[in-house]
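Read top to bottom, the protein sequences are chains A and B. Just so it is clear: in the first sequence, position 29 is 29 by the numbering used here, and no numbers are missing. Each number in the numbering used here comes from the position in the second sequence (counting from 1) with 1000 added on.
Incorrect hints may appear among the rest.
[Unchecked claim] With a Cα cut of at most 16 Å, we get these calculated EDC-like pairs of lysine to aspartate or glutamate: (1) B/Lys-1056 with A/Asp-52; (2) A/Lys-42 with B/Glu-1052; (3) B/Lys-1056 with A/Asp-50; (4) B/Lys-1085 with A/Asp-84.
Source of the hints: derived by calculation from the structure; they are not laboratory data. Since we're looking at a predicted model, the values are computed, not measured.
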Amino acid sequence: MILWWIGDAVLLLVVLPVVVILLRGVLAAAKGIVPSVQEIAKVAAAGSKDLDAAALLLTTQQQVADTVAGVANYGGSLDVILDDAS
Amino acid sequence: MTPVLAFAAAGGVTILAVLLIVLALVYYLVSVIVQLRTIAGGLDEVIAGVGEIVQKSAPVNEIVTNINEQLDAGVELLEGLLVQKAGMADAVGLVDGMYPGAAAAGFRNFPESASVKAPRIGEVYTRGTLTLARLGREAPIAAGNPAGPALRNVEGGSLAARLLYPEGRQERPKALPRSPVIGTDAPVQYEQRDDIGAPRKRLPDRPSVS
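Model the full structure from these sequences, guided by the hints.
Right under this line is the structure:
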């Protein structure tokens, strides 16, 4: 009978506080992750939005090709007009 | 207390303790589940954003590589043309004249150009040639050049503009003798000559020839 009461006391005074403390720690850790995940989601969305201009690289590529072609034409003309150094 | 009541009390306390533990478990575990669901929702947004980033940046590598190849071809063309037409030494000097210190790096496709001593381009080409070259590369001309000293001083533009012309146009007497100071308070006083302002001396009469 005494052992039963001792068991009850252990349950109420030891097991229950330990369970509560451990679960509160897990909950606090889970709550701490939420703001970080939300910030990461915002940054990912912003990064994706920043890359919207990446499509313009196709235009840049075409313009660079046209510019280099123009430079090549000028270079060919200069090659004809100017004498070589040696 | 009778034994039956004692057993009932102990059993009731046990049930109460177990019930409290189960309630604590339920409360905190449900809270953790809610938080984990929020985290899962946030991670879904992250995955969607990262997926967009991956999708949008996928062709960047290929396009930038292609652009670099085009620019490399342009650089090869211009370097080759410059070296062919001006010669290695003058080409290095011209580039170093426009971008001070660039001669040390040399041309990309001419490794030997790094060891060429760049001539002072002002002695090879006129200043006007260099100015025209700079106009093509660094207009507006009055802006400060980050690669070196400014071609023109934007604050003293009138004086700097004179330097744009060949030296022969801007030469001027540098140390002319100063005009003498005259007057009673002049630093140098000269003795007054008596003959100045005096009546003209009469010359002796010439003897008549007849």
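Hint by hint, here is what the structure shows:
1. With a C-alpha separation of about 7 Å, the suggested pair B/Lys-1056 and A/Asp-52 falls inside the 16 Å cut-off, and the hint holds.
2. For the given pair, A/Lys-42 sits about 13 Å from B/Glu-1052 by alpha-carbon distance, which is consistent with the 16 Å threshold.
3. Between the alpha carbons of B/Lys-1056 and A/Asp-50 the distance comes to roughly 10 Å, so the proposed pair stays at or under 16 Å and holds.
4. Straight-line distance between C-alpha atoms of B/Lys-1085 and A/Asp-84 comes to about 4 Å, which keeps the hinted pair within the 16 Å bound.
In this structure, every one of the numbered hints holds.
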